[in-house]
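Trainee: So you can see what is in the structure, the chains are spelled out below.
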Amino acid sequence: MPAVQETVDRVRRIDVDQYRYGFETLIESEKAPKGLSEDIVRFISEKKNEPAWMLEWRLEAYRRWLTMTEPTWARVNYPKIDYQDLYYYAAPKPKKTLSSIDEIDPEILKTYEKLGIPLREVAILEGVEPPPGGEPSEQRKIAVDAVFDSVSVATTFQKELKKAGVIFMPISEAIREHPELVRKYLGSVVPTSDNFFATLNSAVFSDGSFVYVPPGVRCPMELSTYFRINERNTGQFERTLIIADKGSYVSYLEGCTAPQRDENQLHAAVVELVALDDAEIKYSTVQNWYPGNSEGKGGIYNFVTKRGDCRGNHSKISWTQVETGSAITWKYPSCILRGDNSRGEFYSIAISNGYQQVDSGTKMLHLGKNTSSRIISKGIAAGKSQNTYRGLVTAHRKATGARNYTACDSLLIGDKCGAHTVPYVEAKNSSATFEHEATTSKISEDVLFYCTQRGLSQEEAVGLVVNGFVKDVLQQLPMEFAVEAQKLISISLEGSVG
Amino acid sequence: MALLEVKDLQVRVEDREILHGLSLTVNDGEVHAIMGPNGSGKSTLSHVIAGKPGYEVTGGQILFRGEDLLEMEPDERAAKGVFLAFQYPVEIPGVTTMNFLRTALNAQRKARGESELLVPDFLKKVRSVAAGLNIPQDMLKRGVNVGFSGGEKKRNEILQMALFEPSLCILDEMDSGLDIDALRIAADGVNALRSPERAMVVITHYQRLLNYIVPDYVHVMAKGRVVKSGGKELALQLEESGYAQFEDAA
Ligand SMILES: Nc1ncnc2c1ncn2[C@@H]1O[C@H](COP(=O)(O)OP(=O)(O)OP(=O)(O)O)[C@@H](O)[C@H]1O
Ligand SMILES: [Mg+2]
Numbered sequence: 003m004p005a006v007q008e009t010v011d012r013v014r015r016i017d018v019d020q021y022r023y024g025f026e027t028l029i030e031s032e033k034a035p036k037g038l039s040e041d042i043v044r045f046i047s048e049k050k051n052e053p054a055w056m057l058e059w060r061l062e063a064y065r066r067w068l069t070m071t072e073p074t075w076a077r078v079n080y081p082k083i084d085y086q087d088l089y090y091y092a093a094p095k096p097k098k099t100l101s102s103i104d105e106i107d108p109e110i111l112k113t114y115e116k117l118g119i120p121l122r123e124v125a126i127l128e129g130v131e132p133p134p135g136g137e138p139s140e141q142r143k144i145a146v147d148a149v150f151d152s153v154s155v156a157t158t159f160q161k162e163l164k165k166a167g168v169i170f171m172p173i174s175e176a177i178r179e180h181p182e183l184v185r186k187y188l189g190s191v192v193p194t195s196d197n198f199f200a201t202l203n204s205a206v207f208s209d210g211s212f213v214y215v216p217p218g219v220r221c222p223m224e225l226s227t228y229f230r231i232n233e234r235n236t237g238q239f240e241r242t243l244i245i246a247d248k249g250s251y252v253s254y255l256e257g258c259t260a261p262q263r264d265e266n267q268l269h270a271a272v273v274e275l276v277a278l279d280d281a282e283i284k285y286s287t288v289q290n291w292y293p294g295n296s297e298g299k300g301g302i303y304n305f306v307t308k309r310g311d312c313r314g315n316h317s318k319i320s321w322t323q324v325e326t327g328s329a330i331t332w333k334y335p336s337c338i339l340r341g342d343n344s345r346g347e348f349y350s351i352a353i354s355n356g357y358q359q360v361d362s363g364t365k366m367l368h369l370g371k372n373t374s375s376r377i378i379s380k381g382i383a384a385g386k387s388q389n390t391y392r393g394l395v396t397a398h399r400k401a402t403g404a405r406n407y408t409a410c411d412s413l414l415i416g417d418k419c420g421a422h423t424v425p426y427v428e429a430k431n432s433s434a435t436f437e438h439e440a441t442t443s444k445i446s447e448d449v450l451f452y453c454t455q456r457g458l459s460q461e462e463a464v465g466l467v468v469n470g471f472v473k474d475v476l477q478q479l480p481m482e483f484a485v486e487a488q489k490l491i492s493i494s495l496e497g498s499v500g
Numbered sequence: 112m113a114l115l116e117v118k119d120l121q122v123r124v125e126d127r128e129i130l131h132g133l134s135l136t137v138n139d140g141e142v143h144a145i146m147g148p149n150g151s152g153k154s155t156l157s158h159v160i161a162g163k164p165g166y167e168v169t170g171g172q173i174l175f176r177g178e179d180l181l182e183m184e185p186d187e188r189a190a191k192g193v194f195l196a197f198q199y200p201v202e203i204p205g206v207t208t209m210n211f212l213r214t215a216l217n218a219q220r221k222a223r224g225e226s227e228l229l230v231p232d233f234l235k236k237v238r239s240v241a242a243g244l245n246i247p248q249d250m251l252k253r254g255v256n257v258g259f260s261g262g263e264k265k266r267n268e269i270l271q272m273a274l275f276e277p278s279l280c281i282l283d284e285m286d287s288g289l290d291i292d293a294l295r296i297a298a299d300g301v302n303a304l305r306s307p308e309r310a311m312v313v314i315t316h317y318q319r320l321l322n323y324i325v326p327d328y329v330h331v332m333a334k335g336r337v338v339k340s341g342g343k344e345l346a347l348q349l350e351e352s353g354y355a356q357f358e359d360a361a
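In order, the protein sequence lines correspond to chains X and C.
Note that the first sequence covers residues 3 to 500 in the numbering used here.
Note that the second sequence covers residues 112 to 361 in the numbering used here.
These are calculated hints, taken from the structure and not from any lab test.
Certain hints may be false.
[Claimed, not checked] A few chain C residues that don't get close to chain X, going by computed Cβ distances all over 12 Å:
hint, residue
1, 210
2, 256
3, 322
[As the list claims (entries may be wrong)] Straight-line distance between alpha carbons at most 16 Å, and here's what the computed EDC-like set of lysine to aspartate or glutamate pairs gives:
hint, chain 1, residue 1, chain 2, residue 2
4, C, 334, C, 344
5, C, 163, X, 448
6, C, 191, C, 308
7, C, 163, X, 447
8, X, 365, X, 428
9, X, 444, C, 202
10, C, 343, C, 327
11, X, 371, X, 279
12, X, 418, X, 297
Values in this document were obtained by computation on a predicted structure and should not be read as measured data.
Don't be surprised by glycine CBs; every beta carbon is placed ideally from N, CA and C.
Construct all of the structure, not just a fragment, from the sequences and the given hints.
Mentor: Laid out in structure tokens, this is it:
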């Protein structure tokens with residue numbers, strides 16, 4: 003497998019610390035003063051030129067948040083977060099109002115190029131500027147929304163998407179341009195009162211992506227958002243809302259990175275998905291926030307609420323995640339299976355190394371008749387990390403014929419790490435069939451020796467075995483992401499043996 | 112210079128000495144058979160030659176073309192041409208046999224400073240080797256040894272041996288678990304690989320295998336030592352009289 007070799011080569015080129023996205027971009031930025039208050043909420047809303055209803059919505063969330071306490075049930079430990087010691091808004095200082103991609107600060111463009119996300123090239127592909135002397139490329143297109151600290155800096159392919167009737171834009175723009183859609187759906191899956199972090203996000207979210215796919219439309223390309231935290235001491239609170247109207251289909255990819263810093267940074271996002279009758283949403287994440295250094299210093303605190311609502315009959319929502327980054331991950335992408343015959347899927351690879359702590363899993367709430375769900379979770383723990391799968395599957399009294407299949411496999415590398423599985427199952431009607439399988443294994447000495455006897459280095463052997471272990475899930479990812487994820491997996495496990 | 116020279120090798124596992132001063136010399140092109148009762152240390156010897164972790168070498172040395180093998184990592188030994196066909200091949204779920212073979216072959220070639228084999232050339236090679244061993248193509252698409260029968264696992268070992276073209280092949284009980292037909296096919300595969308540039312060490316309990324793979328030398332191991340060496344007739348003699356006489360000698 004050439005990817006393994008390539009991975010090893012890449013790993014070798016990386017110096018002491020393995021995180022290759024750890025650079026910082028020096029640009030001027032505009033920040034709100036530190037701390038959180040009603041004034042800050044008003045400041046953010048004003049910066050975004052929001053209508054009054056939006057400000058009210060935020061303020062209500064803020065007041066609610068003041069009455070809430072941080073949850074402690076997850077298997078993660080971290081020092082108390084001082085919410086008054088954070089910046090809640092930071093934006094790259096624009097030279098003037100942007101009207102085309104050429105006016106984006108070249109430093110930011112360079113950042114995305116370094117990350118392998120060529121906003122400029124993508125803009126050329128859009129057909130606005132055909133490449134000199136060439137036909138527009140037939141290469142597969144991916145529309146990108148790039149979010150830098152608190153604001154969206156560029157969204158590509160807007161024209162082509164518009165032709166198909168697909169709306170893909172920063173949520174801050176959608177609030178102004180499509181208030182009827184936003185008002186109808188925002189908070190309808192994750193209510194403002196949902197949980198401590200989601201409520202905080204509702205009060206202070208600054209940007210994120212908005213997608214609406216009209217009835218019967220199959221979105222003509224993959225949509226993707228790349229999140230980048232750059233500023234120091236800044237929380238990132240993005241908000242994503244995706245609506246697939248009747249009979250439509252969309253595949254959405256999300257990627258994220260952050261500079262390497264000694265202090266921890268907070269990331270508290272909310273993602274809401276709504277699938278109406280016969281619609282399908284496929285949501286894939288490669289989460290690679292800075293995990294902290296080998297002593298456990300620094301890294302992102304990732305407290306994320308992701309939930310999909312299969313609101314229509316025969317609708318389908320599928321979550322696929324590859325979690326390799328963050329010092330702390332607290333994340334449970336879930337599905338509410340409301341429509342009859344709706345289906346939810348959760349495919350997860352969660353890798354922890356060093357001092358990382360992962361508490362992740364899913365909830366499948368069966369409300370409609372003949373609903374089905376499938377959970378495939380692969381947890382890999384190395385170094386001194388802790389990796390927990392936490393899952394909840396419930397069938398409502400009326401959810402006759404509900405079916406769930408859950409398989410949780412954990413792989414331990416070394417003997418200083420831990421893997422834990424915490425499944426909750428609750429069926430309120432007797433016709434539900436829930437199956438659960440769980441395994442925990444260690445990467446065996448015999449397997450490693452077999453591979454090294456055949457010429458693989460210790461590192462290559464681990465990479466190969468782990469890639470085999472997660473194969474079922476990798477296959478769920480769109481091609482481009484699968485290749486990237488495979489490389490990432492081996493890089494994340496660098497130094498985990500020997 | 113000898114291909115493999117094991118001199119007065121002493122090996123401990125978890126504070127227990129298993130090999131108590133074992134010596135063995137193998138030259139290019141020779142086929143050596145090692146026989147001996149259960150627990151006499153045959154697999155231990157093959158593991159130590161291949162570099163399996165967990166064994167403590169407390170005395171003696173192993174030279175491979177004059178180089179100190181004990182100083183090398185297992186993958187370096189493999190790239191130099193040491194191949195071990197395992198008594199118990201492991202399963203690697205999710206990694207197709209084809210993918211595994213290609214990754215391993217290219218890793219070895221790279222370590223020797225050779226270029227990677229192009230995909231079409233690789234496929235051609237694997238297909239012809241597999242056909243010669245009666246290995247169906249769809250077996251190569253399955254996970255390494257996953258769900259393989261005992262015989263299929265052993266054949267997969269011979270397949271790798273044929274593909275990697277090592278200069279020293281150690282076959283640890285390749286006949287166990289094989290039916291008569293499979294044994295003949297595997298032995299034919301091994302015989303096809305006999306050449307003046309390649310030596311073999313064949314570990315077995317049964318004279319039967321040596322009817323197919325006729326050795327130049329036979330060694331009897333007992334209690335962690337080679338207690339007797341001779342020609343192929345020694346195997347026949349063992350078949351009749353058993354190991355008791357040698358165990359006493361050890
Ligand atoms: N990891 C280990 N820990 C403890 N004892 C071990 C270990 N490995 C081998 N031994 C012991 O060393 C001795 C030799 O074992 P080995 O497997 O080399 O024998 P063998 O000659 O290959 O036997 P067989 O013919 O049954 O395959 C046995 O007594 C075995 O129990
Ligand atoms: Mg043995």
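Trainee: Look at each hint and say if it fits the structure.
Mentor: Here is how each hint holds up against the structure:
1. 210: violated, 5 Å
2. 256: violated, 9 Å
3. 322: holds, 28 Å
4. 334/C / 344/C: Given pair residue 334/C, residue 344/C is violated - Cα atoms ~22 Å apart, limit 16 Å.
5. 163/C / 448/X: Holds - the C-alpha atoms of residue 448/X and residue 163/C are around 9 Å apart, at most 16 Å.
6. 191/C / 308/C: This hinted pair holds, its Cα atoms lying about 13 Å apart.
7. 163/C / 447/X: Satisfied, since the Cα-Cα distance of roughly 9 Å is no more than 16 Å.
8. 365/X / 428/X: The hint holds at about 11 Å.
9. 444/X / 202/C: holds, 14 Å
10. 343/C / 327/C: Distance of about 6 Å is within 16 Å: holds.
11. 371/X / 279/X: holds, 14 Å
12. 418/X / 297/X: holds, 14 Å
Hint violations for this structure: numbers 1, 2, 4, all remaining hints satisfied.
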